[in-house]
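As given, the protein sequences belong to chains U and B, one line each in that order.
With the working numbering as the guide, the letters of the first sequence map in order to residues 1 to 446.
With the working numbering as the guide, the letters of the second sequence map in order to residues 1001 to 1191.
These are computed hints drawn from the structure, not numbers from a lab.
Remember, it's a predicted structure, so these values are computed and weren't measured experimentally.
Be a bit skeptical, because a hint or two may be false.
To be verified - In silico SDA-like links for lysine to any residue, alpha-carbon gap of 25 Å or less: (1) B:Lys1098 x U:Asn64; (2) B:Lys1177 x U:Asp4; (3) B:Lys1177 x U:Val322; (4) B:Lys1178 x U:Ser31; (5) B:Lys1169 x U:Asp4; (6) B:Lys1169 x U:Val413; (7) B:Lys1177 x U:Glu21; (8) B:Lys1169 x U:Asn64; (9) B:Lys1169 x U:Tyr3; (10) B:Lys1169 x U:Gln5; (11) B:Lys1169 x U:Gln33; (12) B:Lys1177 x U:Gln33; (13) B:Lys1169 x B:Ala1130; (14) B:Lys1178 x U:Ile61; (15) U:Lys435 x U:Leu288; (16) B:Lys1098 x U:Tyr18; (17) B:Lys1177 x U:Asp9; (18) B:Lys1169 x U:Val322; (19) U:Lys435 x U:Val413; (20) B:Lys1177 x U:Leu401; (21) B:Lys1177 x U:Pro19; (22) B:Lys1169 x U:Ile61; (23) B:Lys1178 x U:Asp9.
Unchecked claim - If you want the ones that stay clear, here's a sample from chain U, every Cβ over 10 Å from chain B, calculated: (24) Leu16; (25) Ala26; (26) Gln29; (27) Ala68; (28) Tyr71; (29) Leu292; (30) Leu380; (31) Ile399; (32) Thr403; (33) Glu418; (34) Ser428; (35) Lys435; (36) Tyr436; (37) Gly437; (38) Gly441; (39) Tyr446.
Note that CB positions come from ideal geometry on N, CA and C, so glycine has one too.
The lines below spell out each chain.
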Amino acid sequence: MDYDQLLNDFLDGIPLEYPAEQHLFAALQTSEQLRNDLRGSILTLRAATLDVAAGAPPAHITDNIFNALGYDDAPTGARRLLPYPFGTVSGFVAGLVVAFFLFAQFPARESTVARNGLRSTAKSGTALTPDASSPAAMGPHHTERNADARGVNGRYSPPGPMSAHRVVGVQNTSAAAHGALAPSTNERAFANGAEVERLERRLGAALTALRRLRRPAIPPASASNGPAILAQTAAPIDAAPEPRSVPATPDSVPTMRAERAYAHTQQPAVPLDDPLGAEPPRKPTLPLSVELRGIASTDIRTVPSQLRIGTVPLEQNTSIGVYYHVDEGDWVGVETGQEAYYQRFEDRDVSGNIIQREQDPTLRWFGVGYKRIIETPTGLRPFAHAIVGGTLLGPAGRIALGTYYHINPALSVFGSLELSATTFVHGSTWGASPKYGFSYGLSLTY
Amino acid sequence: MLFGKHIEELHRLTDAELFARLRQGRSEAEAAFKELYRRHAARVRAYCHKVLDRHEDADDVFQETFIRLHASARQERTMTNVVGFIFRIARNLCLNVKRRRTSGEPLDGLELSEGFEASLENGELLRLIACAVERLDLHLREAFVLRDYENFSYEEIAALLDTTIPTVKSRVRRARKKVRAILAPNISELD
């Protein structure tokens, strides 16, 4: 009896004849060598199955192939909801939005620059017009932001078509008269001005255009308001407007505001120890906030990730959202992020046997979010947050409870505990991938 | 859900139907290629890694195999055995690599590539078996891998290797015997 042949037939799944089977089993009882052969063969087959199952190509190899063919990467059997470049484009757009908001979050610094630039010219004895070398001369938006941030004598002034140049100039005339700042500070201020100028040039015309969207519109010149507009935009800072030179019509409102602003300058000067006055609560000029979130969540079943879908490494475990201030404490917006989600599902191997498969693909999710923020007198602002959306594979959701910490009117940091889940479908069976964790980040309000 | 139906539709298609779709529009071709890749990538890669000693070569061949599969779809042909076709591409590429390395590679220091070992508990067993497979002659190794790793039938292997079924059976049997012999000193420690 050729036991080796019987063993091969057994391993190949060929049914043995009854006598042959009896012989084989009898031989296995008596021969340790044969038992070892059988054990070795079975182990080899088992290892081969495991080996093939573990042979899923690494993500970078899959990427190489699909990139070479001009396709998207990492097939998982799921259809993409959004075209391939979205991840890249979203990253670019997010970066642009963040850059814009970051740039716009320096009102105090720029106002200092503008103020100091003006005051410097005052000390030199020239007229209080924006120095050509100072950032205040860069354009009207600088002084607008100055007025926006500080207003007159430290009061908050809502943006409007008043003469920002004039307001700033007069205010700083007052500050200059008291010698509030030393020349060295001025030098730093001019250095800052140069920096701002450099930053602005770097960010280019796109940001300038964006910023202009929030500039107060100056009404078109007409016979009735032309002098007023000229007074706002072109007159020297120290040149007081001609009182009542324009009829009190709606078109003349800018001039009237300018006059009221001028009147404010007649009030007591800002204290010397705080030339800027107290920081007033800053109301958002646009009811928008941008949030950058880092996500540290986990699933006890997590397995090493072998699949990637549209992965952008820098965006791993992060999200970015834009939220709109609907009402007191209520914010709605959109958010997108990228995380790995554990999946476990039944599949069939090459032999048709049902097996359990695990994978941990990185998925980009998108969603609409609602946030309820509770204002408190302290710097802490508790919030509840919910996002409903989806990934490339199915619906997804996220809830979080946490708190903001108010660093300044424009900047908050936050932390929250969160639960999230994605769903996926394999064949006709749906599965879910729940996670829990902690998220943290920055919130820039503008 | 729409994408659920889409997935099911792809899963229902045969390999031949998917291969035919590679000649259609970009989106259809892309979906078909992804499905073919999903079905066969792990097997093809395992084959390449078992047949070639160097894992860098194996991954290169694996990538080239699927790129050539895609390119071959441009030619008007009726494909009935796509799996066999893929493995034939892989085999030819592996043989090319083997021919370029006629001097042979030292067998010492054979290592399992990342992914073949790290994610498995049976790392030691896999390492032993991998070393045993590496020590087989190429014609035995091919038959053994295609039979025990890729689960091809003897008929399919014979067609793939351009030989007869009895020859394949003989090679598989001899290969198994050699692998067992290499594993024998350690077999009692493995379970």
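Hints, one by one, checked against the model:
1. Using a Cα cut-off of 25 Å, the hinted pair Lys1098 (chain B) and Asn64 (chain U) holds, with the two alpha carbons roughly 23 Å apart.
2. Of the supplied pair hints, the one linking Lys1177 (chain B) and Asp4 (chain U) holds, its CA atoms being roughly 8 Å apart against a limit of 25 Å.
3. The straight-line distance between the Cα atoms of Lys1177 (chain B) and Val322 (chain U) is roughly 65 Å, outside the 25 Å bound, and the hint therefore fails.
4. With a CA separation close to 19 Å, the supplied pair Lys1178 (chain B) and Ser31 (chain U) stays within the 25 Å bound.
5. Our distance criterion of 25 Å between C-alpha atoms is met by Lys1169 (chain B) and Asp4 (chain U), whose separation comes to about 12 Å.
6. For the proposed pair Lys1169 (chain B) and Val413 (chain U), the alpha carbon gap of about 69 Å is over 25 Å, so the pair is violated.
7. Pair hint Lys1177 (chain B) plus Glu21 (chain U) holds up; C-alpha atoms about 20 Å apart against a cutoff of 25 Å.
8. Taken as a hint, the Lys1169 (chain B) and Asn64 (chain U) pair is broken in the structure, with Cα atoms around 37 Å apart against an allowance of 25 Å.
9. In summary, the hint linking Lys1169 (chain B) to Tyr3 (chain U) is supported, as the alpha carbons are separated by about 15 Å, within the 25 Å threshold.
10. For the given pair, Lys1169 (chain B) sits about 10 Å from Gln5 (chain U) by alpha-carbon distance, which is consistent with the 25 Å threshold.
11. At most 25 Å may separate the alpha-carbon atoms for a hinted pair to count; Lys1169 (chain B) and Gln33 (chain U) meet this at roughly 22 Å.
12. Taken as a hint, the Lys1177 (chain B) and Gln33 (chain U) pair is honoured in the structure, with Cα atoms around 12 Å apart against an allowance of 25 Å.
13. With a C-alpha separation of about 21 Å, the suggested pairing of Lys1169 (chain B) with Ala1130 (chain B) holds against the 25 Å cut-off.
14. Straight-line distance between C-alpha atoms of Lys1178 (chain B) and Ile61 (chain U) comes to about 33 Å, which puts the hinted pair past the 25 Å bound.
15. Taking the CA atoms of Lys435 (chain U) and Leu288 (chain U), the gap is near 29 Å; set against the 25 Å cutoff, the hint is violated.
16. This hinted pair does not check out: Lys1098 (chain B) and Tyr18 (chain U) have alpha carbons roughly 45 Å apart, beyond 25 Å.
17. A hinted pair counts as satisfied when its Cα atoms are at most 25 Å apart, and Lys1177 (chain B) with Asp9 (chain U) qualifies at roughly 13 Å.
18. About 65 Å separates the Cα atoms of Lys1169 (chain B) and Val322 (chain U), which puts this hinted pair outside 25 Å; it is violated.
19. Proposed proximity of Lys435 (chain U) and Val413 (chain U) is supported: the alpha carbons are some 23 Å apart, at most 25 Å.
20. Pair hint Lys1177 (chain B) plus Leu401 (chain U) does not hold up; C-alpha atoms about 63 Å apart against a cutoff of 25 Å.
21. Distance hint between Lys1177 (chain B) and Pro19 (chain U) is fulfilled; the C-alpha atoms sit about 24 Å from each other, no more than 25 Å.
22. Taken as a hint, the Lys1169 (chain B) and Ile61 (chain U) pair is broken in the structure, with Cα atoms around 34 Å apart against an allowance of 25 Å.
23. Simply put, Lys1178 (chain B) and Asp9 (chain U) have alpha-carbon atoms about 17 Å apart, close enough for the 25 Å limit, and the pair holds.
24. The Cβ of Leu16 (chain U) lies farther than 10 Å from every Cβ of chain B, with a closest approach of about 16 Å, so its non-interface assignment holds.
25. With 10 Å as the threshold on Cβ separation, the claim that Ala26 (chain U) sits away from chain B holds: the shortest Cβ distance comes to roughly 20 Å.
26. The Cβ of Gln29 (chain U) lies farther than 10 Å from every Cβ of chain B, with a closest approach of about 17 Å, so its non-interface assignment holds.
27. Interface exclusion of Ala68 (chain U) from chain B breaks down, the closest Cβ pair being 6 Å apart, not more than 10 Å.
28. Against the 10 Å criterion, Tyr71 (chain U) falls within the reach of chain B, whose nearest CB is about 5 Å from its own CB.
29. No Cβ of chain B comes within 10 Å of the Cβ of Leu292 (chain U); the nearest lies about 30 Å off, and the non-interface call holds.
30. At roughly 41 Å, the least C-beta separation between Leu380 (chain U) and chain B is larger than 10 Å, which holds for a residue marked as non-interface.
31. No beta-carbon of chain B is positioned within 10 Å of the beta-carbon of Ile399 (chain U); the least distance is around 23 Å.
32. With a least CB separation of 36 Å from chain B, Thr403 (chain U) remains clear of the 10 Å interface cut-off, as annotated.
33. With a closest Cβ-Cβ approach of about 25 Å to chain B, Glu418 (chain U) is found to remain outside the 10 Å limit, as its non-interface label requires.
34. Distance check for Ser428 (chain U) against chain B: the nearest CB is about 6 Å away, which does not clear 10 Å, and the non-interface claim fails.
35. Distance to chain B confirms Lys435 (chain U) as a non-interface residue, since its nearest Cβ pair spans about 21 Å, more than 10 Å.
36. Here Tyr436 (chain U) stays apart from chain B, with its beta-carbon at least about 24 Å from theirs, past the 10 Å limit.
37. Distance check on Gly437 (chain U): its Cβ is at least 23 Å (rounded) from any Cβ of chain B, clearing the 10 Å threshold; non-interface status holds.
38. A cut-off of 10 Å between C-beta atoms confirms that Gly441 (chain U) is not in contact with chain B; the least separation is 30 Å.
39. Remark: the non-interface label on Tyr446 (chain U) is consistent with the geometry, its nearest Cβ contact in chain B lying 37 Å away (cut-off 10 Å).
Violated hints for the displayed structure, listed by number in ascending order: 3, 6, 8, 14, 15, 16, 18, 20, 22, 27, 28 and 34.
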